[in-house]
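S.K.: Residues per chain, in single letters:
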Amino acid sequence: MTTWFHSWRAAVRIARRDAWRFKGRSFLVLAMIALPILGVSALDLTVRSAELTPAQRMDRTLGAADARFTDAQMGGAAILQDPAGERNTPAGDYDSPGKSWPEGPTDVTKAIPAGSKVLTDSNGTAKLTTAHGLLQTEVRELAAADPVARGIMRLREGRFPEKNDEIAATTRFLESSGLSVGSTLTARGFDRTYVISGSYELPSDLTTEQVNALPGAFLAPYAKAVEKAGLPKPSISTSYLVKRAGGFTWNTVQVINAKGVVVTSRLVVLDPPADSDVPLYQKNDWVNYENGGGTDAAALAAVATVVGLAMLEICLLAGPAFAVGARRSRRQLGLVGANGGARSHIRAIVLSGGLVIGVAAALVGIVLALILTFALRPFLEDHMGQRFGGFTVRPLELLAIAALAVLTGLLSAIIPAVTASRQTVLASLTGRRGVRRSNRVLPLIGFGAVLLGAAVALYGSVVSDRSVLVSGGSAVAELGVVAMTPALVGLFGRAGRWLPLSPRLALRDAVRNRGRTAPAVAAVLAAIAGTVAVSAYAASRDAQSQAEYRATLPYGAGAALVTEEGGRDVPAVRDAVQRTLPVDVRADVSRVAVGKPGCDPYGEGEGCGYYEVVTPPANECPLWAATPDGSDPAEKYTDEQRRALTKDWRCRSRDGHGIHVDNGLVIADAPLLKVLGIDDPGAAKALAAGKLVSFSKPQVDKNGAVGIRLISDPEAADRARERNKPIPGEVKSFPAYQVPGSPDSYGVQSVLSPAAAKAAGLITVPLGAVFSTDRMPSTEQRQKFDAEIAKLGSDVELTLERGWVDENGLVLLALTVFAGLVTIGAAGIATGLAQADAEADLKTLAAVGAPPRVRRILSGFQCGVVAAMGVVLGSAAGFLPAVGLRLTEGREQMRSYQEALDRGWTDAGDVAPHVPIVVPWETLAALLVAVPLGAALLAALLTRSGGALSRRAAH
Amino acid sequence: MSIRHGLLALLERGPRYGSQLRTEFESRTGSTWPLNVGQVYTTLSRLERDGMVVQDGEDEAGHPLYAITDSGRVELRSWFEHPVDRTSPARDELAIKLAMAVGAPGVDIRDVIQSQRRHTVKAMQDYTRLKAQALTAVEKNGDRERDDIAWLLVLEQLIFQTEAEARWLDHCESRLIRLSSTAQAAGPEPASPGAVAGAAGTGARAAAGTEETARHRP
Amino acid sequence: MSTPQQQPVLTLRNLTRVHGSGATEVHALRGIDLDVHPGELVAVMGPSGSGKSTLLTIAGGLDNPTSGQVFVEGTDITALGIKGLAALRRRSIGYVFQDYNLIPALTAAENVALPRELDGISARRARGEALAALAEMDLGQLADRFPDEMSGGQQQRVAIARALVGDRRLVLADEPTGALDSETGESVLSLLRSRCDAGAAGIMVTHEPRFAAWADRVVFLRDGAVVDQTLRSDADSLLTDRAAQR
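Residue numbers (this note's numbering), protein chains in the order written: chain H, 576 to 1530; chain Y, 133 to 350; chain G, -3 to 242.
Next comes chain H alone, as it looks inside the complex:
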């Protein structure tokens, strides 16, 4: 053991000094290893620093308080909660029929023990006027300056509000609003004016646009003003920060839970109870979402794969550098052998080279990561949107990362080490050159891996239809191909016969010196294979998604719809559309409202209702028609019947594409038909005649009319629905014109003219504009439009049909560039090594009078040959897995399609899934032709034609 240690020390000493002596090569390898290490350790530092301790988390949510009391909205019914106060459920059993889930607010203050110090913390939203327009902003009423709240908000400038007409704002709000401390601030529809007294930030959420006011200073008066204007008042949620001597233990929390109040207690979070003491976890139907072990394992496997592949790639790139190092110091290794160094000592010396570089790379990478993370902390915090809890260094994790670097260094040096140790001392000393017999075991292992991987992939693709097996098998096979590279490179040698002199020389040289060629080719192979696999797969996916693409609107058409606040901003939106976009036809659309005009379309809020388009019972799809006993109607049918029924006209449901309009009913005039591309003259005529134009046959009853039920009391309707009783509500019937054929109406099922709606006594509310353009709006126009909309501060649903857009383009380009760089890098390294080896020959050539360009030409071809071999092998190795994966996907999709048909899912679509396989010709061409050519030219350009004449021959 000590013997082993002592001789390793000598080896490390030699390796260390050698690394120092050949700084260029050492630096190259060091950088290759250190860069990823820098990235990974910086990531680790950032993630760990951003991760908060429970105490820090509590400081940020509770300030100096002991607990936060929140209404569970269970109407005061007893609840069960988790220790963190993040999830809760009613304590009682509400699942049995007849019992309805508890609902409604409760008075939290009653649950607060006497003698506590309490701060209210209320949240609401308001549209605030900014320098640019309006901004929907969170308003938080909290006495932020109170010592109890200290820690929740961090003051950046000025002070927290002290008077009722003062307000503080987050730095982010000031940025996006263009206001600053000292500015005045108003809200839309609210006559009070506030002065911004200071700015602050929420340490855990730097991106929030929020303003802070004293309790009662903003939200309540604002709600009153809004309500007066007939608009829905903002919802205000209030929680209570409670400070009490002794804090709140888990038992106290449970007692308070009985009153329907959720408690986030510092004591409990810092010292959580055992799971068995948490009744919530003991509840039968409780699913603990956090313990999704499967996803963890999958993520871990993915990370391990990525890290493994990255290490492999680095090893393959760095390996040749160690190989050339070992070769350059052959005489030295021979001397060690002559002085009694056994093979293990020789191996140790070359391996130590990897160890030294690995350790240095780990040190450099981690130290740089520490410095960078520390120096760039403010930028990182801004980027992540939260302040770090502290600068957290986890030595064990950094040590593991360092170990990774050392391992990479060692692995890179392992093959050169074995090769060097196999040479006889005599050959090393005399420096005889010659073809070294390449390792025969590795290609065999590789071949085995290829067979195994292919078998797994084939099994996955043909028998089990699991794409995980296909990609896993492909990866194994791919590694096998990498291991087989030396043998494959040998095959290329045979092709040399037909080449002209210079490339033949280069090819022969590459094949004869597989020790340095193979790792470089393998590195290229791995990068190219990955790129080709991803490109082929992505290109095929693109082709599929292009084929499956369903437009939302006719090409070039757009829609801007607003449902907020009773369409108050619609005129402005229509105006913005007209002004900023190249509009051809603009159709102003409205919607039907039930109850007050300010209501949203879903009947929520006081005095609000909704409507529905009645489907006559005769037209209901038998697969969906409600049954009196509430059972699934589809159960009655066999697979064949279901398949037949999905083709039935009653069962054709509208698929999800198109613009989103409530019930598919739009109040608009004829221009809408034009925008939608409905050129049936009957439709326009019928619309003008006050008829309802229908695009959906089932909604038209046997009398040719469509019924619209106005439901003014949603709760009564819900009750009726639960009991399977007719739904109360006035039904207005409109004579309908069913558009013949089945033109694509883009989500619109019925169109009614405003005049007809008014005549029938329907309340209509402006919804927005649907428009066609004479040309596709430019990016500038779109940006201008977006800016106009942003000024309104409204939630505008904007659609602009631009046809199918390739989303993978950039990723593919980046991948291609990456693979190209790896190829050029690997080929460059191999060429450098070849040059070092061929120095003697080149000198001889020069001495016998070869022109200087011979050196350039030769190095160009050497580089090109390596790149070409890697690219050809990589393309072949990468294309096949992509094909396999696509075939498997095709089979998977086909199967689920058939299954859906059997089940009678009508939205399975009309056509069987089409899973095409597309060859990414552009990427392939770039990789197969441009990259080797570029590599060759680059090498030729960068080679000095003169060459170094004075070099010590023996070293």
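Derived by calculation from the structure, the hints in this document are not laboratory data. Beta carbons are placed, not taken as given, at the ideal position from N, Cα and C, and that holds for glycine. Accuracy of the hints is not assured; some may be wrong.
What the hints assert, rightly or not - Here are some chain G residues pointing at chain H (derived, C-beta under 7 Å):
id	residue
1	T53
2	D59
3	A75
4	K79
5	G80
6	A82
7	R85
8	R86
9	Y91
10	I99
11	A101
12	L110
13	P111
14	E113
15	S118
Once you have looked at the hints, place chains Y and G on chain H.
M.R.: What follows is chains Y and G alone, placed relative to chain H:
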């Protein structure tokens, strides 16, 4: 080198008598160049005739002392300054012997060369050992340094001369081997050089064997 | 100087080495017998291609004989495996080549300590032995110099120190003066000579008779066989007698 100049060189250090000159001469040249007293006195009288030395009194024992003159000093300087005359090469017995051995029936030229080489190298070994001793002496004896260095130089001259001979022998051997192989290529001869070489090899083995036994003899 | 009663450090018995086979067969060595005793320096001379270097590589276990035996300190090394040979080179045999003998990454002392360290001795002890060896050969001032800070002659002398560090007492020198000028070569040889006088055994391959003359015995090789050898006989020279009189 001439005795004349040697004596002048010794006299430059001060007046000396005849037999004293002889002793010093021998000690300087490491006994490699034996002189008799008659030679010394003949040379001295010739030098006196040419005006390069003069008789200059006697010592206590009555030996006549000789001293160098100015013209003697001039002659000595010009001797030091001029290279040794190589116009008349010495006839070397070895060269003549080898020339005779080539083509002589029943004589293996390689054996002739080897036996000469053994002799030469052996001589070199001896010279080298003396030289090693001289080197040690030079390092140790400061006062007699001048004599020791002179002795060292003489030894080295001998070594280099012997080496030249050894190298010349090497050269002769390889040239003769080359000539015999061209002769073989030219046409078959009754005594083929291959056979000669083989015979020489076995002969040498036998010789080596005898040497071994000789060495082990107590 | 040789004392036949002592067991030889190196013994070659009927050593044969054939390179290649068939038409390209070359007999590099044909039945060599040789003993080297402690305190003896043997020079091997011969024309190029006579098998001088092959003899040396086989004696040091860097190459295997086709037939015959090699005994180092009484052990038949032809029976040893690769590991055994490496250990033998660490413990019993030191090599000195024509040039670039030293590992450029190591200082003189570390170079000398290398065989000991490879043998598993602690770095401190190995360094101590190395410094002692260097001091003994008057090379102490070179201890912390790197090879590229030393002259060729200094490098060769350090190499000799390395060849004899620890318990090693067999030096195999292959043209140790080949890359040096005459004067420097002599100083290297005089060191080798003095080490042998102090009890080591040495074989030196050289083609320069002047350096071979430092040996106790000169062996002449021709076509892979020993054709002749000289002994240094004390009674063989007039000069010696004269010198003795002085």
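S.K.: If a hint holds in the structure, say so; if it does not, say that too.
M.R.: Hints, one by one, checked against the model:
no., hint, verdict
1, T53, "holds (6 Å)"
2, D59, "holds (6 Å)"
3, A75, "violated (17 Å)"
4, K79, "holds (5 Å)"
5, G80, "violated (9 Å)"
6, A82, "holds (4 Å)"
7, R85, "holds (4 Å)"
8, R86, "holds (3 Å)"
9, Y91, "holds (4 Å)"
10, I99, "holds (5 Å)"
11, A101, "holds (4 Å)"
12, L110, "holds (6 Å)"
13, P111, "holds (5 Å)"
14, E113, "holds (4 Å)"
15, S118, "holds (6 Å)"
Hints 3, 5 from the list above are not met by this structure, while the remaining hints are.
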